[in-house]
Amino acid sequence: MNRPIRVLIAKPGLDGHDRGAKLIARSLRDAGMEVIYTGLRQTPEQIVAAAIQEDVDVVGMSILSGAHNHLLPKVVDLLKAQGADDVLIIGGGVIPDDDIPALKSAGVDEVFTPGTATTTTIDYINTHIKRK
Amino acid sequence: MMELTELIEKMVTGDKRSCARLITMVENDEEDAKNIIKAIHSRTGHAHVIGITGPPGAGKSTLTDKLVKQLIKDGKKVGIVAIDPTSPYSGGSILGDRIRMQDLALEKNVFIRSLGTRGYLGGLSRSTKDVVKVLDAYGADYIFIETVGVGQSEVDIIKTADSIVMVMVPGLGDDIQSIKAGIMEIGDIFVVNKSDLFGASRTATEINMMLDLNQNMDRRPPVVMVTANKNEGINELVEEIKKHTEYLIETGKLRERKHHNAKIEVVEMIETELRKIVIKHADSENKLDQKVDEILEKKKDVYEVRDEFLSVLNK
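Chains as they are written, first to last, in the working numbering: chain C, 51 to 182; chain E, -6 to 308.
Honestly, I wouldn't trust all of these hints.
Here are the simulated DSS-like pairs of lysine-lysine, each with C-alpha atoms no more than 30 Å apart in a straight line [to be verified]:
no.: 1; chain 1: E; residue 1: K269; chain 2: E; residue 2: K173
no.: 2; chain 1: E; residue 1: K308; chain 2: C; residue 2: K124
no.: 3; chain 1: E; residue 1: K152; chain 2: E; residue 2: K27
no.: 4; chain 1: C; residue 1: K72; chain 2: E; residue 2: K223
no.: 5; chain 1: E; residue 1: K9; chain 2: E; residue 2: K235
no.: 6; chain 1: E; residue 1: K256; chain 2: E; residue 2: K269
no.: 7; chain 1: E; residue 1: K292; chain 2: C; residue 2: K130
no.: 8; chain 1: E; residue 1: K291; chain 2: C; residue 2: K130
no.: 9; chain 1: E; residue 1: K69; chain 2: E; residue 2: K269
no.: 10; chain 1: E; residue 1: K27; chain 2: C; residue 2: K72
no.: 11; chain 1: C; residue 1: K180; chain 2: E; residue 2: K152
no.: 12; chain 1: E; residue 1: K223; chain 2: E; residue 2: K31
no.: 13; chain 1: C; residue 1: K154; chain 2: E; residue 2: K9
no.: 14; chain 1: C; residue 1: K72; chain 2: E; residue 2: K62
no.: 15; chain 1: E; residue 1: K280; chain 2: E; residue 2: K152
no.: 16; chain 1: E; residue 1: K9; chain 2: C; residue 2: K124
no.: 17; chain 1: C; residue 1: K72; chain 2: E; residue 2: K246
no.: 18; chain 1: C; residue 1: K180; chain 2: E; residue 2: K256
no.: 19; chain 1: E; residue 1: K251; chain 2: E; residue 2: K62
no.: 20; chain 1: E; residue 1: K152; chain 2: E; residue 2: K308
no.: 21; chain 1: E; residue 1: K280; chain 2: E; residue 2: K235
no.: 22; chain 1: E; residue 1: K9; chain 2: E; residue 2: K31
no.: 23; chain 1: E; residue 1: K269; chain 2: E; residue 2: K292
no.: 24; chain 1: E; residue 1: K284; chain 2: E; residue 2: K236
no.: 25; chain 1: C; residue 1: K154; chain 2: C; residue 2: K180
no.: 26; chain 1: C; residue 1: K180; chain 2: E; residue 2: K3
no.: 27; chain 1: C; residue 1: K72; chain 2: C; residue 2: K180
no.: 28; chain 1: E; residue 1: K31; chain 2: E; residue 2: K292
no.: 29; chain 1: C; residue 1: K130; chain 2: E; residue 2: K3
no.: 30; chain 1: C; residue 1: K124; chain 2: E; residue 2: K251
no.: 31; chain 1: C; residue 1: K130; chain 2: E; residue 2: K246
no.: 32; chain 1: E; residue 1: K152; chain 2: E; residue 2: K292
no.: 33; chain 1: E; residue 1: K27; chain 2: E; residue 2: K223
no.: 34; chain 1: E; residue 1: K101; chain 2: C; residue 2: K180
no.: 35; chain 1: E; residue 1: K3; chain 2: C; residue 2: K124
Stretch-level coverage of chain C by chain E, calculated; a stretch enters the list once three of its residues show a Cβ under 8 Å from a Cβ in chain E [as the list claims (entries may be wrong)]:
no.: 36; stretch: 72 to 82
no.: 37; stretch: 102 to 113
no.: 38; stretch: 116 to 126
no.: 39; stretch: 130 to 138
These are calculated hints, taken from the structure and not from any lab test.
Backbone N, C-alpha and C fix where the C-beta goes; we use that ideal spot for every residue, glycine too.
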């Protein structure tokens, strides 16, 4: 089916810095994706509600506050509880390398840390999208 | 096909995920769209459709957020379709209207969906009408369509909405703007948003003067002063929307509008199909490019080429 990939970009938790989130949103837009940007300070519940209503293929979360170990798995669980386990989930932001394996085993598909080229993220989404 | 029936059954009981999936299908796939619309057709026609339109930055999303909060207090179920532009280069888009409606995401009786225009120029997306039908069948009492920030001529909302709320703000131009043809003509209710800003009363006066010039109206649209981010004037606006709805029903104009809009919809669908037939023919074996070259080489003119391609319809 020839349709644009839909991506939700969210900022979970309590940090107020969204330059990285906006940069990635813009890069995905330029790669032909439809990006739903939900803005700052989102709870996992709000993110999942938006992801369900917008029927996105990908949920991308940018997080700098250090609360990633709590917030990202919470979003994974809430999505699963809604039966939306065909959504690709990616994290980005200031996330220590040591935390990444645990996040992945909790169901986060990939984590991109600062310095990742936007093309890397775009390629990853294009090749790993779960829904046909 | 079974899957579709199941999705529709779940949607009409209020399942948001099924509703979302059906919207995706009508937005993307024509064959599915046809079957879905056919299956839900008898369930549509209940919702009152409100178009929220006006220039970029007028505060349409914030206004919609406040209006919807007021309506759900009364126990109403609301659908919101928020449209943002698609890039003409990449085909991608950033749909950012949800930012101003964050608290509504978790409301049980609210469903918000963002759409990219995907190349359609009238302020809506091509599939907006079908998305509205799905939300109608989902059980929404009110459906808000927030257009892309429109300029002077993106008036397609009149083909889809029952009531059109035209949102203006102070300081957008001199009073000649208000007497031009285009968006200023189509409002059923005018809102001066950000009415705490300098120049708001002058903007209201200009709109009022424009409205008073039109002697042929059997209903004179009201002008409501609103400051949406402070929640001021929202009650008055909800009242005006209700009054307009009653007016439409009592005068038979609702039926008239719906007839007119359905007629336009059918004609536009015929145009789309005809266009596909002709373009498919024209595009085969690069005929279109060849003929265009012949135009540039002055061997043929555009009318000749048009008629050659249209002749496929006579077969």
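Q | Hinted pair E/K152 and E/K308, Cα distance within 30 Å | A | violated (33 Å)
Q: Mind checking the alpha carbons of E/K292 and C/K130 for me, to see if they're no more than 30 Å apart?
A: Violated: E/K292 and C/K130 sit about 64 Å apart, past 30 Å.
(Q) Next pair to validate is C/K124 with E/K251; report whether the Cα-Cα distance is within 30 Å. (A) violated (45 Å)
Q.
Hinted pair, alpha-carbon criterion (30 Å max): E/K31, E/K292. Please report holds or violated.
A. violated (48 Å)
Q.
Next pair to validate is E/K280 with E/K152; report whether the Cα-Cα distance is within 30 Å.
A. With Cα atoms ~35 Å apart, E/K280 and E/K152 exceed 30 Å; violated.
Q | Pair hint C/K72 and E/K246, alpha-carbon separation not exceeding 30 Å | A | Violated - the C-alpha atoms of E/K246 and C/K72 are around 45 Å apart, more than 30 Å.
(Q) Check whether the Cα positions of C/K154 and C/K180 lie no farther apart than 30 Å. (A) Since the Cα atoms of C/K154 and C/K180 sit roughly 16 Å apart, the hinted pair holds (cutoff 30 Å).
Q | Given pair status - E/K31, E/K9, alpha carbons within 30 Å | A | The given pair, whose Cα atoms are some 20 Å apart, holds under the 30 Å limit.
Q. Are the Cα atoms of E/K284 and E/K236 separated by 30 Å or less?
A. violated (56 Å)
**Q.** 30 Å Cα cutoff - pair E/K9, E/K235
**A.** holds (27 Å)
Q. Does E/K280 pair with E/K235 here, judged by a C-alpha cut-off of 30 Å?
A. Judged against 30 Å, a Cα distance of about 55 Å means the pair is violated.
Q.
Check whether the Cα positions of C/K130 and E/K3 lie no farther apart than 30 Å.
A. The given pair, whose Cα atoms are some 18 Å apart, holds under the 30 Å limit.
Of the numbered hints listed earlier, those contradicted by the structure are 1, 2, 7, 8, 9, 10, 11, 12, 15, 17, 18, 20, 21, 24, 28, 30, 31, 32, 33, 38.
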